[in-house]
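Sequences listed follow chains D and C, in order. For the first sequence, the numbering used here assigns the number 206 to the initial residue and increments by one for each residue that follows. For the second sequence, the numbering used here assigns the number 16 to the initial residue and increments by one for each residue that follows.
Derived by calculation from the structure, the hints in this document are not laboratory data. Bear in mind the structure is a predicted one, so any value in this text is a computation, not a measurement. Note that the Cβ used here is the ideal one computed from N, Cα and C, for glycine as well. Be aware that a few hints might be false.
[To be verified] Which chain C residues face chain D? A few, computed with CB under 7 Å, are given here:
1) K185
2) A189
3) I675
4) G680
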Amino acid sequence: MVPTAYYLILAAMLFSIGIAAFLIKRNVITIFISIELMLNAVNLTFVAFAHMWHQVSGQIFVFFVMVVAAAEAAVGLAIILSIFRTRQTLNVDEIDLMKS
Amino acid sequence: MNPMPASYLWFIPLLPFAGFLINGTLGRRLPRAVVGTVALFFTALPAALVAWLWMTMCAAGAPSSIESVIRPSGYEWIAITGFHADFAFSVDALTLIMLGVVTGVGFLIHIYSVGYMGHEEGYWRFFAYLNLFMFFMSVLVLAANFLLLFVGWEGVGLCSYLLIGFYFKKTSAANAGKKAFIVNRIGDFGFLLAMFLLIAHFGSLGFTQVFSAIAQHPEWQDAQWITAIALLLVLGAAGKSAQIPLYIWLPDAMEGPTPVSALIHAATMVTAGVYMVARCHVLFNSTPAALSVVACIGAATALFAASIGMVQHDIKRVLAYSTISQLGYMFLACGVGAYAAGIFHLLTHSFFKALLFLAAGSVIHALSGEQDMRRMGGLRTRTPITFWTMSAGVFAIAGIPPFAGFFSKDEILYRTFTSTNPLHIVLWLIGLATAGMTSFYMFRLWFKTFFGEQRIEEHALLDQHGATVHARSTTTLTMVAEHDEDQGALPHGVHESPWIMLLPLCILALLSVAGGWIGIPAALGGNNGIERFLGPVFANGATGEAVALTTGHGLELALAAISVLVALGGFYIAYVFYYEKPGTAAALAERNRRAYNLVKNKYWVDEFYNASLITPLLMFTRGVLELIFERGVVDGSGKAAGATTRGFAWLARKQISGNIRSYAGWLAIGAAAVIAVMVFGNSLWGHL
């Protein structure tokens with residue numbers, strides 16, 4: 206049986222990659238994907254702990270996260286599409302209307 | 016006549032205060048006639064109340080029973096452990112005389128002001144200040160404790176400042192106001208210290224408590240702390256009553272309107288110091304050293320100011336130095352223990368000096384603002400009523416019998432001569448010399464102003480114009496206002512003042528003639544009413560009666576004769592110098608140029624104060640306080656605080672870049688920090 210720590214290390218690596226990508230990348234789609242990556246890293250820790258403590262609530266929480274992530278993906282992609290239509294770019298550095 | 020209820024006493028100060036509130040808040044929008052009526056009404060009523068009070072008190076029986084402290088419940092002011100003060104008024108013979116002067120002469124001067132100030136801007140402001148002054152002055156003389164007296168004391172100082180600087184657009188007037196205020200501050204500082212010492216030693220500031228405590232402890236005689244209190248009070252009195260070394264503000268105070276000079280700087284406020292010394296006679300009697308200081312200050316001031324007054328050319332300045340000199344007389348009287356004589360002179364002086372100032376104002380008015388006596392002359396026929404009334408004042412102050420000033424001045428000189436003070440002969444000689452000088456400079460003013468040929472050039476047409484305008488103006492307020500409107504700022508020729516100004520002059524002239532008759536000494540067949548009236552107040556200080564009995568009347572008559580001769584001598588010299596041979600004075604001055612210049616420049620006292628006190632003080636302020644403290648410490652700490660905030664703001668501003676990814680980075684760092692604290696924090700805090 207694989208120790209729980211392995212799952213957690215993997216989850217931490219995925220999460221860190223997600224953060225790094227989120228900070229470094231300029232393309233909105235890539236940033237979006239990196240958010241998904243972080244969410245899934247969290248899901249992995251949930252499942253790992255649920256398995257470790259033999260509690261089902263962690264597994265249920267993962268389903269919630271998946272549902273919310275799916276909804277978020279739908280809304281997010283719609284926003285990205287409309288941004289692209291109005292500004293002809295997906296570079297976040299150029300989407301700076303709020304910058305003073 | 017029904018006796019006046021004691022609670023009515025409150026109306027004496029409060030009515031003028033109401034007048035001040037009305038004129039001070041609404042006056043700007045009210046027509047002049049209304050402003051004048053309000054001011055007159057709210058000063059006439061207290062005058063009537065005081066008259067009623069006089070009748071009540073005198074009907075109550077012998078003057079010895081005139082003493083009551085009105086202490087209404089619910090008017091407690093300060094009540095802490097070990098100290099207590101409240102809004103208490105007390106009335107005795109001394110207060111009655113002062114109240115009579117303040118409200119009576121004050122009311123007359125208000126009437127005069129309605130005419131005199133008719134042309135001026137800020138009419139409402141003038142009357143608001145004048146009513147405020149009446150309020151504070153009434154509080155000052157009615158107060159039953161030092162603290163309330165000090166309230167009035169400071170209040171009249173404030174009004175004096177406001178009214179000296181009434182023409183505040185003129186730099187010299189604004190500066191004179193400041194000078195008066197600052198010089199008085201030195202005196203008030205002494206007064207404050209004296210009050211602190213009184214609290215420390217008596218635990219009370221009430222006149223009754225303090226004075227009865229001193230009376231019960233004869234062993235306190237000459238105690239150092241009593242002398243200290245007395246000397247500090249003298250410093251306060253010297254500031255307010257313009258005595259050496261703090262007299263310098265009064266001549267400059269003549270920048271104010273003339274009625275103000277008459278009311279505040281001749282008749283009432285400047286006598287507050289004399290009143291205070293007389294009020295504290297129990298305290299002063301127990302310390303002969305301080306009393307001697309009072310006498311010496313008084314005599315020195317009298318002589319010094321009179322000598323300066325002899326060479327001044329500004330008519331108001333002559334009167335100002337004369338006031339200082341006469342106040343010196345009053346101090347001299349108090350200093351030799353003749354408080355009643357001092358108060359008597361205060362009373363007569365308030366009549367004739369107010370008269371002289373108002374008459375001088377009338378002269379200035381007649382000449383459309385000319386104050387230099389070198390440009391006056393021959394006004395006797397042009398302004399006859401002013402001439403006659405002013406003559407009464409001049410004869411009164413010069414000490415010619417039977418005018419008022421003769422009796423009071425003679426009483427002071429006599430009391431000085433017979434006093435137990437070791438210097439009494441010297442003091443008497445100084446007083447006598449001052450009497451001669453007084454007579455000389457007053458008759459000099461009289462001859463220069465009213466006799467000789469007219470020295471002001473005037474346009475015949477303008478003269479006629481002025482005459483017709485004034486022929487139409489009568490004593491009523493509305494007419495004055497109308498006259499003011501069609502007159503505008505046009506210069507007009509030499510003319511007599513309107514009746515509203517002449518009426519107070521006539522009343523004061525009558526008082527200057529007859530006012531002294533209440534104090535005719537026994538030696539001249541009188542009964543010395545004022546001394547008897549004030550007797551109960553100064554009971555434990557009056558040694559004069561005993562002296563009079565032992566020496567008989569011969570000495571008193573001889574001294575009176577000498578002082579009359581001296582006064583006539585002054586008259587004769589002035590007559591020769593300024594009427595018979597007008598060039599004599601100038602020739603004499605030319606021969607003694609150095610002495611003349613010394614006196615002419617007021618002994619360089621102002622310059623001396625400037626060099627010895629003001630310049631070093633200013634240098635210290637500008638060099639040390641401004642450069643090091645103000646710029647370094649105060650501004651520096653402010654700037655440092657500003658710079659620190661700026662620095663932090665600069666750091667904080669770096670975060671708000673508007674770059675989404677940098678926000679996300681901060682977010683990640685923050686989250687990492689939170690996790691780190693949660694994971695490692697426990698073990699870390701556990702060790703602490």
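Going down the list of hints, with the structure as the test:
1. K185: 55 Å, violated
2. A189: 51 Å, violated
3. I675: 6 Å, holds
4. G680: Since chain D brings a Cβ to about 5 Å from G680 (chain C), closer than 7 Å, the hint holds.
In summary, the structure is inconsistent with hints 1, 2 from the numbered list given earlier, while agreeing with the others.
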